[in-house]
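Peer 1: Could you build the full structure based on these sequences and the hints that come with them?
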Amino acid sequence: MTAQYHVVGESLERTDGVAHVTGRTLYTADLAFPGMLHLKVVRSPLHHALIRGVDLSAAERVPGFVRALTHADVPHNVYTILGLIGVEPEEEFVLPVDRVRYKGEPIVAILAETEAAAYEAVGKVQLDLEELPAVFDMDEALAPGAPIVTHWGNNTFMYEGHPCRRVRYGDVEAGFAQADHILEGEYRTSPIEHAPLETTGCIAVPEAGRFTVYTNTQAVYFSLDNTSIILGLQPNRLRFIGGTVGGGFGGKVDVIVEPLATLGAMRTGRPVRYVYNRQEEMQVSSTRSAETIRIKDGVMADGTIVARKVTGLADCGAYSRQTPYAITKFAANATGPYRIPNVWVDAYCVYTNRTPTSAMRGFGVTMGHFAIEVQMDKIAERCGIDPWTVRFRNAHRNGDVKPHRKVTSDATLIETMQAAARLVGHGLPPELAAMTSAPRTEWEGER
Amino acid sequence: MARLRGTGIAAVNYPTGMNLGGDPSQALIHATTSGSFNVVLAAADLGQGLRTVMAQIAAETLGVPYGQIVIQTADTDTGPHDMGTFASRATHRVGNAVKAAAIEAREAVLQLASEELEVSIADLVLDGRGGIQVAGSPQKRRDIADLASRAQFQYGRTIAGRGVYMKPKSDVDPETGAMDPDSTQAYACTVAEVEVDTETGAVAVLSIRSAYEVGQQVNPALVQGQITGGAWMGMSHALYETTEPCYPSRDHSPKDFAGYLMPGMAELPIIEAVVLEVPSSNGPYGVKGVGEMTANSPIPAIVNAIYHACGVRVDSLPVTPEAILRGLDALAQGKGAA
Amino acid sequence: MASVVVAFELGGRPVEVLVSPLATLQQVLRTQLGHTSVKDGCRQGGCGSCTVLLDGEPVLSCLLPVEDVAGRRVTTLEDLTPVDGLTTVQRAFLDANGFQCGYCTPGMELVTKALLERNPAPTRADIAEALSGNVCRCTGYVPIIAAVEAAAAAGSAAAVVASEGATR
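Chains as they are written, first to last, in the numbering used here: chain A, 1 to 447; chain B, 448 to 785; chain C, 786 to 953.
Mixed in with the good hints, there may be bad ones.
Stated by the list, open to error - Short, incomplete list of chain A residues facing chain B, as computed with Cβ under 7 Å:
| no. | residue |
| --- | --- |
| 1 | Y5 |
| 2 | L224 |
| 3 | R294 |
| 4 | K296 |
| 5 | V374 |
I should point out that these hints are in silico values taken from the structure, not numbers from a laboratory.
We put the beta carbon where it would ideally sit given N, CA and C, even for glycine.
Peer 2: Here it is in structure tokens:
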């Protein structure tokens with residue numbers, strides 16, 4: 001098939017390969033500008049607290065201290081990354097006014113002549129915090145009487161009036177009634193850090209009436225537009241330069257560093273470098289959500305799944321960032337690559353006082369796949385059939401309707417599983433080896 | 448005490464791109480006077496090889512050698528709008544935009560050639576090596592490089608193209624969840640083989656073998672790179688990684704690579720894959736995408752293999768040696784798995 | 786504390802730098818001497834991206850006070866890269882796609898060079914041991930191992946050619 005093309009389908013040498021193997025590739029933190037200041041952040045040592053006061057006097061006496069940025073400096077002090085595409089509510093401050101909701105939340109930014117001076121000044125800022133009760137577990141966060149993390153009175157993200165993203169397809173209760181077996185499973189996953197080798201960072205450089213921001217964002221316009229809103233600058237006063245990223249995995253879509261660094265450049269007229277150290281990358285950059293996924297399947301004796309009910313909880317931490325959309329993707333993919341005629345999904349984005357979560361490779365889908373595919377093995381065992389057979393019997397095929405109502409049009413699961421069986425030398429029974437993803441006949445479609 | 452082996456499988460689908468808010472990317476292309484083409488974008492290369500893949504798509508469409516393409520990306524003063532590099536969207540979305548821009552630029556080249564050769568555009572074919580010839584008359588030909596030079600210095604015309612690809616916004620029905628969440632779907636099936644040490648609870652992954660169907664591959668070596676790196680990351684997620692080892696307590700959360708566990712070279716399994724290509728209807732040259740999905744199927748395949756090896760079902764990630772040992776204890780006491 | 790002058794050899798040339806006491810070699814190479822191939826992944830000795838060669842042996846420049854290299858030989862990837870072309874190790878990493886984002890690559894290559902100099906035919910276990918301090922988040926290490934093996938093979942082929950030349 002590949003031969004029809006000249007260039008597409010060829011394993012050509014990377015255009016950036018020589019630069020990478022010679023170490024000549026310049027990443028954001030490799031750049032330096034005359035007069036560049038260093039920005040470091042004073043972070044909350046507590047998981048949940050009221051901010052009663054911030055005393056900068058000792059920090060200001062540190063040689064090399066230039067100035068501090070507080071919430072009063074931020075023109076539009078709202079950080080809601082999905083606000084750009086209409087997802088509300090506004091919940092996170094760039095620098096919080098009176099309350100911190102996770103350990104490591106920024107409170108004050110320090111600008112100094114050297115990195116060492118910035119760190120020293122950060123260490124000398126005195127915080128007066130009043131500790132509040134914190135919640136770290138999703139079930140506890142949803143229980144009555146839990147500490148409330150959000151400003152709207154409960155600990156869930158609201159999806160158009162619902163506390164969860166819902167999928168309702170067919171009639172799950174009728175499916176359960178018809179099933180030979182009911183199989184329930186609960187799956188839990190841990191938060192995961194992207195851990196790119198290059199930490200998140202940027203350098204904002206003031207130029208005649210404009211600011212050029214060198215950044216390792218995964219999305220230059222997303223970052224520019226968010227920065228423009230937060231700083232109240234016309235977008236044409238910002239120029240973002242990036243494109244070379246030392247590993248992203250979803251962690252560099254958050255636009256955390258650019259607004260503060262650019263604000264620093266606005267307030268001082270000097271280039272400002274804000275690059276996470278490794279501890280910040282590990283501790284305060286967003287993670288993949290921890291998830292709890294509860295699945296109830298109704299299964300026929302031959303392994304065919306006739307109904308699935310899923311309750312998904314994703315711990316979004318103190319602020320939801322990109323996670324509400326991950327939940328929507330989770331809900332859309334709750335049946336995996338299988339055809340299930342009756343499906344009910346409630347997927348919650350739950351606030352706790354943990355590190356905020358956001359996008360990560362496999363956004364909303366990876367951990368769902370873990371739960372679904374372990375569940376498939378349990379179904380196979382319960383029905384006394386092998387793990388290959390149960391997957392072939394349920395595989396979606398072209399023409400099948402998914403619970404979100406989209407008609408499957410490019411299914412190749414069956415062919416892919418056949419190829420995997422060949423690769424490992426697993427002989428498939430003739431009826432599985434003969435299957436294809438072609439649309440079902442009228443007779444096959446009945447069940 | 449024993450070392451027990453087991454095999455597990457897992458199969459997954461993966462959606463290309465997103466829909467929320469609409470999902471567009473643009474590309475601009477213009478020819479230099481020497482006949483190379485500058486492709487101007489705003490998409491970030493995360494290391495997966497976006498620049499390379501876009502250069503291949505541009506070269507293919509323009510009918511010029513790969514080395515004639517220059518990719519300039521991610522400067523907002525020059526690059527046209529792009530949503531960003533995430534959601535396994537770049538090869539599909541940006542690739543479609545590059546292809547569209549290249550088609551427009553190609554039309555400008557073909558127009559010049561048709562005027563010089565006095566034939567209609569429909570009679571011209573690209574040789575894929577920088578030449579245009581009249582179909583059936585290979586001696587009647589023009590070099591794209593010469594045409595590009597004459598376009599500027601003789602005719603005063605531009606050879607340029609604009610391209611955009613957009614997945615339209617699709618709101619989710621809040622009651623039923625009806626939505627159009629993706630552009631196409633890629634597939635994978637992984638077979639993992641593990642060895643469980645029943646004395647220590649340690650799991651060695653012996654092999655991760657997978658089949659993938661990702662539509663047309665633009666650069667198979669880079670696809671293989673995603674698959675291999677993803678297999679390792681999936682193994683890492685399955686057995687090692689957590690920022691909250693004492694969940695729900697936040698104590699002991701790792702601050703560095705010493706505390707944040709990931710497998711190293713010594714723990715590597717055999718990683719093998721075959722790739723099927725069934726072109727998608729809407730990707731450039733039938734691309735689907737392979738960015739994120741490669742970490743997915745290895746995770747449940749490993750967890751299923753552990754059960755097959757030693758009878759312990761662990762439904763929480765990561766599967767630590769402690770969880771395995773507790774599961775083995777429970778089995779020994781006849782209580783069933785953890 | 787007053788700044789001090791430290792003199793050492795960088796890429797075969799003498800350099801003198803005025804440094805703050807306890808400045809790391811990494812900091813000095815990156816910010817004062819422009820050797821940005823020395824990466825900055827953690828400053829904790831945990832990732833290997835800042836590796837340089839000190840008297841030919843790989844060291845983590847982020848943990849090394851620059852005073853400690855006074856009078857010694859420091860080599861970075863800038864010093865090894867030919868004006869035209871690539872070293873054997875670089876060529877092998879390029880051909881094997883032994884990188885994706887490229888951030889760990891300079892460190893990986895310097896450790897590989899040092900490994901092959903003392904052990905021209907390393908086993909997989911030797912390679913894993915030598916590179917155990919270098920983290921890659923993209924590749925799954927498989928193509929990096931392939932690159933090291935290819936570099937070893939190319940190096941021994943070159944050595945055979947050289948020794949055949951010598952015997953003739």
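Peer 1: All hints, please: hold or fail.
Peer 2: Results for each hint:
no. : hint : result
1   : Y5   : holds (6 Å)
2   : L224 : holds (5 Å)
3   : R294 : violated (11 Å)
4   : K296 : violated (14 Å)
5   : V374 : holds (5 Å)
Checked against the numbered hints above, the structure violates hints 3 and 4; every other hint is satisfied.
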